[in-house]
Amino acid sequence: MIIVKDLHKKFEDNHVLRGVSYHIHQGEKIVIVGPSGSGKSTFLRCLNLLETPTEGEIWFDGQLITDPKINIDKIREHMGMVFQNFNLFNNLSIMDNITLAPVKLKLMNKEQASEKALQLLARVGLKEKADAFPSQLSGGQKQRIAIVRSLAMNPRVMLFDEPTSALDPEMVGEVLDVMKELAESGMTMVVVTHEMGFAREVGTKVLFMDEGIIMEENTPGEFFGNPQCARLQDFLSKVL
Amino acid sequence: MQAWFDKVGKMFEMAFVTGDRWKLYLKGLSVTLEVAFFAAILGLLIGTLVALMKLSTKRNGKKTLWARIANAYIDVIRGTPSVLQLLIMWFIVLKNCKNGVLIAVLSFGINSGAYVAEIVRAGILAVDKGQTEAGRSLGLSKAQTMIYIVIPQAIKNVLPPIGNEFIVLLKETAIVGYVSLTDLTRTANQISSRTYEAFMPLIGAAVIYFVIIKILTVLLDQLERRLRKSDNR
Numbered sequence: 255m256i257i258v259k260d261l262h263k264k265f266e267d268n269h270v271l272r273g274v275s276y277h278i279h280q281g282e283k284i285v286i287v288g289p290s291g292s293g294k295s296t297f298l299r300c301l302n303l304l305e306t307p308t309e310g311e312i313w314f315d316g317q318l319i320t321d322p323k324i325n326i327d328k329i330r331e332h333m334g335m336v337f338q339n340f341n342l343f344n345n346l347s348i349m350d351n352i353t354l355a356p357v358k359l360k361l362m363n364k365e366q367a368s369e370k371a372l373q374l375l376a377r378v379g380l381k382e383k384a385d386a387f388p389s390q391l392s393g394g395q396k397q398r399i400a401i402v403r404s405l406a407m408n409p410r411v412m413l414f415d416e417p418t419s420a421l422d423p424e425m426v427g428e429v430l431d432v433m434k435e436l437a438e439s440g441m442t443m444v445v446v447t448h449e450m451g452f453a454r455e456v457g458t459k460v461l462f463m464d465e466g467i468i469m470e471e472n473t474p475g476e477f478f479g480n481p482q483c484a485r486l487q488d489f490l491s492k493v494l
Numbered sequence: 128m129q130a131w132f133d134k135v136g137k138m139f140e141m142a143f144v145t146g147d148r149w150k151l152y153l154k155g156l157s158v159t160l161e162v163a164f165f166a167a168i169l170g171l172l173i174g175t176l177v178a179l180m181k182l183s184t185k186r187n188g189k190k191t192l193w194a195r196i197a198n199a200y201i202d203v204i205r206g207t208p209s210v211l212q213l214l215i216m217w218f219i220v221l222k223n224c225k226n227g228v229l230i231a232v233l234s235f236g237i238n239s240g241a242y243v244a245e246i247v248r249a250g251i252l253a254v255d256k257g258q259t260e261a262g263r264s265l266g267l268s269k270a271q272t273m274i275y276i277v278i279p280q281a282i283k284n285v286l287p288p289i290g291n292e293f294i295v296l297l298k299e300t301a302i303v304g305y306v307s308l309t310d311l312t313r314t315a316n317q318i319s320s321r322t323y324e325a326f327m328p329l330i331g332a333a334v335i336y337f338v339i340i341k342i343l344t345v346l347l348d349q350l351e352r353r354l355r356k357s358d359n360r
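Protein sequences, first through last, are from chains L and Y. Okay, so the first sequence: first residue is 255 according to the numbering used here, each after it adds one. Okay, so the second sequence: first residue is 128 according to the numbering used here, each after it adds one.
Careful, some of the hints might be misleading.
Stated by the list, open to error - Using 30 Å as the maximum straight-line C-alpha spacing, the simulated BS3-like pairs for lysine-lysine come out as follows: (1) Lys269/Y / Lys323/L; (2) Lys185/Y / Lys328/L; (3) Lys269/Y / Lys328/L; (4) Lys269/Y / Lys358/L; (5) Lys189/Y / Lys259/L; (6) Lys323/L / Lys356/Y; (7) Lys360/L / Lys185/Y; (8) Lys381/L / Lys185/Y; (9) Lys370/L / Lys434/L; (10) Lys189/Y / Lys323/L; (11) Lys370/L / Lys256/Y; (12) Lys434/L / Lys459/L; (13) Lys358/L / Lys283/Y; (14) Lys383/L / Lys185/Y; (15) Lys434/L / Lys256/Y; (16) Lys264/L / Lys356/Y.
Stated by the list, open to error - Here are a few chain Y residues that face chain L, going by a calculated C-beta distance under 7 Å: (17) Ile215; (18) Leu265; (19) Gly266; (20) Ala270; (21) Ile276; (22) Ser320; (23) Glu324.
Keep in mind the hints are simulated off the structure, nothing from the lab. Note that beta-carbon positions come from the ideal geometry of N, C-alpha and C, so glycine has one too.
Can you build the whole structure from these sequences, using the hints too?
Spelled out as structure tokens, the structure:
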């Protein structure tokens with residue numbers, strides 16, 4: 255579904271991605287872990303071109319999306335993204351946060367979008383917050399709404415950029431539960447996270463990134479039970 | 128004491144009552160307000176447009192031609208005195224135009240636009256980058272993200288400095304006397320040179336400016352409070 259070929263990203267002199275290649279298949283749940291500064295967030299943000307790669311190719315559903323001539327807005331309609339800092343639109347109510355994109359992009363009319371939003375809100379247990387504003391919600395609630403906002407676009411893949419890192423510890427669970435439920439529903443997911451429990455439980459593949467490359471890639475069982483490279487063994491000994 | 132009161136009363140009469148002179152102040156004030164009002168609107172339009180031009184980037188992050196033009200405009204306007212800009216407009220650019228108010232509005236509007244542009248740009252940059260990223264990640268275009276998400280939040284940011292700019296603009300129109308427009312300041316000056324008494328006309332004009340700006344300040348405060356309310360709903 256997503257094919258990445260020899261991806262490089264430089265910020266000024268800082269060579270963040272040094273040749274990442276990977277193939278993400280439909281229905282997979284890819285979990286990316288690694289120390290900070292390893293390039294895992296940059297890699298994720300390249301997938302929907304929030305960062306423009308310096309070199310390399312990204313294919314999504316057979317289209318070369320790194321081609322400058324492609325209409326990236328159209329591609330992004332099919333790729334949901336959830337951010338570390340939620341990034342709910344502060345000037346809009348929860349309902350408007352969710353319906354803005356589907357309505358303005360003419361994928362649904364206002365009624366359809368509202369109905370869909372209420373359905374999704376009920377699914378994450380926040381139906382009564384439809385008329386609230388982001389500033390009135392807790393972090394966990396904001397992140398669940400952010401997930402709903404992306405789902406309202408009916409994406410084919412969901413990208414998660416450290417979705418629980420900015421949350422108070424007692425709110426991490428509620429967000430992970432929503433993500434687990436989403437995984438069970440068959441959504442293709444790419445998740446950058448520090449939640450090793452989630453990686454083990456939900457991931458179909460776990461990737462270890464360091465120094466701008468994928469150092470190791472395996473099923474969760476092998477990844478955590480039998481890590482191969484020294485860097486990963488060292489990393490796991492610190493975080494587990 | 129009585130003599131002092133008589134003298135002040137006489138000065139007041141000369142400055143405001145004799146020959147219905149108070150009407151001249153009102154006429155002057157209306158010129159001041161007319162120029163300031165339309166220049167403020169023009170400045171706001173130009174400023175917003177120029178701010179967006181200056182913020183535009185190419186796909187590779189380089190400055191666009193629009194951004195360069197915007198930069199040049201801001202540099203030139205901020206780098207020259209507004210009196211001089213007014214004189215240039217009057218004697219050179221529009222020397223065949225006899226409509227002084229129009230010339231003043233254009234000159235002040237173009238001048239104010241440069242300052243407003245920087246205010247608006249700062250207001251837009253102050254909106255968290257994550258808001259734009261979230262909008263773009265949903266498939267909204269650059270323009271849609273600007274219109275529905277960034278600009279509504281930027282308006283709250285820019286209101287205090289924009290109010291400041293309006294106040295500066297209103298007072299700066301006092302230089303239109305240079306191009307023989309009779310605004311409030313020039314009226315006061317003319318009357319004082321007719322009566323050989325400067326105190327009452329000048330202090331009177333100052334009080335009028337002060338009251339107008341006080342009213343403007345109160346209105347802007349109310350608007351700001353109303354917009355802030357939505358933050359804490």
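Looking at the structure, which of the earlier hints fail to hold?
Of the numbered hints given earlier, those the structure breaks are 6, 8, 14, 16, 17, 20, 22 and 23, listed in rising order.
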